[in-house]
Amino acid sequence: MEFWIQGSELKVVKLELHKIRQSFKQLIVYKSALIGLLIILALISISIYTIIALPYGKAVELWKAGEKYWLDNPRNALPSWVNVFSSRKLPETITLSTEIPRAGISKVIIPAIGKLNVIRIEFSFNYEYDDFPSELNLFFRSKFNISSPHLTIHWIKPDGEDIVLKTLVISKEENYYISVDYGLAYDLKNRISQKLSKPIEYGMPIVVSLFVVEDDSALNPDTVKVMKGVYKLWIEGTTFETDTDLDAKLNVYGKVYGWAGTDHLRRDVGIAILWGTPIALAFGVTASVVIAFMNIILGAVSAWFRGYVDTAIQRITEIFMILPFLPIMVMIATFFRPTLFNLLLAIIALSIFGAGVKTYRAVFLQVREFPYVEAAKAYGAGNFRIIFRYLMPKVLPTLIPSIVLSVPDFVFLEAVLALLGVGDPLIPTWGKIIEDAFRYGALYKGLYYWVLEPSFMLAITSMGFALLGFTLDRIFNPKLKEI
Amino acid sequence: MTSLVFIRHLLKRGIMILISVLVAVYATIVIANMGGYVDQIIKSEIYMAVSQSIRQNPAFKFLNETQFKKMVEDIYSNELKRLGFDKPFLYRSFNYWKDALTMNLGRALFLSSESGSRNVRIIIAERLPPTILLFTTINLILFFIGLIGGLSLSRKQGSLIDRMITMLVPLSSLPGWFYGIFMILIFASFLRILPYGGMVDVPPPSSAFEYALSVLKHMILPILSWLIAYSLISTYSRRTFFLMFSSEDYTDLAKAKGLPESVIQRRYVLRTVLPYIITDFSLMLISSWMGAIVTETVFSWPGIGYLLNAATNAFDGPIIIGIVVIYAYLLAITIFVLESVYGILDPRLRAEGGEVGVT
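Residue numbers (this note's numbering), protein chains in the order written: chain A, 1 to 483; chain B, 1 to 359.
Hints were generated in silico from the structure; no laboratory data involved. Note that CB positions come from ideal geometry on N, CA and C, so glycine has one too. Among the hints, erroneous ones may be present.
Said to hold, decoys possible - Per label pair, the in silico range of CB-to-CB distance:
(1) A/Ile44 with B/Phe144: 54 to 60 Å
(2) B/Thr102 with A/Ala349: 26 to 32 Å
(3) A/Phe388 with B/Arg163: 39 to 45 Å
(4) B/Met16 with A/Ala349: 20 to 26 Å
(5) A/Gly258 with B/Pro129: 42 to 48 Å
(6) A/Ile44 with B/Leu168: 22 to 28 Å
(7) B/Glu210 with A/Lys166: 51 to 57 Å
To be verified - Chain B side only, calculated, beta carbon under 7 Å to chain A, not exhaustive:
(8) Ser20
(9) Val23
(10) Ala32
(11) Leu174
(12) Ile184
(13) Leu185
(14) Ser189
(15) Tyr327
(16) Leu331
(17) Ile333
So that you can see chain A by itself, here it is in the shape it has in the complex (with noise of 0.2 Å):
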């Protein structure tokens, strides 16, 4: 007898597993599912290539690191693969470090009268893009006692012109910033202004004005040409001890980095893309699978036991149902600063009670009154083995659409959480670039990579659940398949 049961028991089972893989020959039919299959995996190779490539920590300590790990690379940049569509060449950065040897670089230290040294270092450099460079750094390192330095840092232009600079008494670690020495733009603006004999009338940058081609067309902003060719940048120094050394590094800021190019503190967004991969899907998944099961369960529950436990259920389901969820979830974001963890938590518990419970619960109460039901009830089955083993199981394929289609609303969520400034503040995550741009004006700037990139992905991974879903709701409610 016992034998017997269990037998129909698991030819449930397997008829549900024989129409599962049925269903999923059917999907492979429509093309919209087979697209959206091809995303999510696309996507799950992503995140499995990131959390491989890049581990957890490393990625959050790059993203927190603040400017100073990312001090060599251009702000707000736009991705290079740009330069593949334009006719005008943005450049790409520039780094020259005596510390790296490389062709181009030189440094000599002479000795000359008594503890005197005179130091020179050259740098240069084959300048052939479109368009000005962003921004223009010199730093120095320096090994002295008590004498510093002494230095007068050179310009020399493709054709041979040669401007001073700057001249300057270096402390150990010295800085100069050459594109925002704005005594350095008045004199370099005065000196082609002067040559041309025209005044230039509008305020010329530095990274314009070192690589100007000086005719008329620099005296309109709207046809400044870059002068192609090899620049030169060279420091001379006199040094007062022995064992004095001097290190420099030029940047010469790009406007392209990498493939997905940098945000307002120079970090690459790529980062934040890639990592917003794994957390999207992790969260989204996550989320809609564990509410979709607690709902049923408790659909279940309430249409099974009836009486005092099905009102229970359902009034504590009206309760939550007043609740609104997305002020809740503003405030719990708000007051409690919820790493992303404790914010699914928080997702789950404020949904557990959801409007899902009462969808399950009708449907179970026409379940109930199945024969194959009454029939494990004759047989003496317990009622969580009867929940779990009889009503669970016939309606678990018609649950399926709606958790694929409920996956994009939980990222979406993730989003809309960082996009209000109550993301969990360490990981990188899609909704948080979109904020960040938002916040530094990526729109008002034109900086529109910066949105777009998180937007795409947000977009794609929302596609194809979406495309996954619909068509599993076709194949899974006949009714609508006629239609």
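Take the given structure of chain A and dock chain B to it, following the hints.
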């Protein structure tokens, strides 16, 4: 007799919903002040503000350190009393509860209304009209697009446009505010023909007509983004319902009787579909209350959602709680009204007084 049953049913539901609101609002207050965490933050902020204001006041320059400390403590404890912090949370929670339910929402800690008031009710009341204006407009447009589009599609089942819309429906999985970003990008940032956000031009036009025109201009992008996001799904779901009900037996019978198509549509299809359409509309409405938060933030639309964002950034507890309470009331009223409408539309409910949930 039947109407009496219905009224009793409505009364029952009304009381149930009222109890739900009571519990929900209390839960909100408890969640908001879990473990007194918020109290602690607000207290330390008050302390900072008090000591700074005294330190910066030249009139108190002569005070030495102990006098200074005493003065700070005095003003600080007065300030705490003003905000009701000297009583235990349980006591305060019931106070808060009563205040919240009677919409006596207290004073904001940091934000103030346009007119300079710190009264939370005034601040929220000031922001309610813009939200209602924008989202009622959006919902009405969506409702009619869905109804008309769904009806005409259900007649042309299998046509090119029908298949296209079915194919494009997954686009509706992206929320309205998300399309809003692209709308801003295209129409404000790139083409520069429509404003980035806000409700009126700055400075606001003086004549009423120009003012209305300016508001209308600011409404275009938010409405457009919601239409792009949700008109497909609402058309599609209406169409599905119409098709389901036009293949019912009684519709077939009506056809067999030779009734004209328009009568069948109106009397046999629309009539039975109406409760579902109302459900759909209600869900749309409720989700628009929620979606308003992000949409208003993206478009800087000065409504409740935008206020919530501002209150979040300023850590203004009373306003946040106030907004949650307002939303709870809005939800409760929507649900109650819908249940009544349901009863009127669905004769079964009137007869049995049974339970047909809205959602």
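Results for each hint:
With their beta carbons about 41 Å apart, A/Ile44 and B/Phe144 fall outside the hinted range of 54 to 60 Å. Between B/Thr102 and A/Ala349 the C-beta distance comes to about 29 Å, which sits within the given range of 26 to 32 Å. Restraint check, A/Phe388 to B/Arg163: a C-beta distance of roughly 41 Å satisfies the suggested window 39 to 45 Å. Taken as a hint, the range 20 to 26 Å holds for the pair B/Met16 and A/Ala349, whose Cβ atoms sit roughly 23 Å apart.
Separated by about 47 Å at the C-beta atoms, A/Gly258 and B/Pro129 satisfy the suggested range of 42 to 48 Å. For the pair A/Ile44 and B/Leu168, the beta carbons lie near 25 Å from each other, so the given range of 22 to 28 Å is met. Hint check: B/Glu210 to A/Lys166, Cβ distance near 55 Å, so the stated range 51 to 57 Å holds. Among the interface hints, the one on B/Ser20 holds; its C-beta lies about 5 Å from the nearest C-beta in chain A, closer than the 7 Å criterion.
With a least beta-carbon distance of about 5 Å to chain A, the hint placing B/Val23 at the interface is held under the 7 Å criterion. Annotation: interface hint on B/Ala32 holds; nearest CB of chain A at approximately 6 Å, less than 7 Å. Among the interface hints, the one on B/Leu174 holds; its C-beta lies about 5 Å from the nearest C-beta in chain A, closer than the 7 Å criterion. Against a cut-off of 7 Å between C-beta atoms, the interface hint on B/Ile184 holds, since the closest Cβ of chain A lies about 6 Å away.
Interface hint status for B/Leu185: upheld, as the beta-carbon distance to the closest one in chain A is roughly 6 Å, under 7 Å. Checking B/Ser189 against chain A by beta carbon gives a least distance of about 5 Å; that is within 7 Å, so the hint holds. Against a cut-off of 7 Å between C-beta atoms, the interface hint on B/Tyr327 holds, since the closest Cβ of chain A lies about 3 Å away. With 7 Å as the threshold, the beta carbon of B/Leu331 comes within range of chain A, its nearest partner Cβ sitting at about 5 Å, so the hint holds.
For B/Ile333, the interface hint is violated, since its Cβ never comes within 7 Å of a Cβ in chain A; the closest pair sits about 10 Å apart.
Figure legend: structure checked against the earlier numbered hints; hints not met, in rising order: 1, 17.
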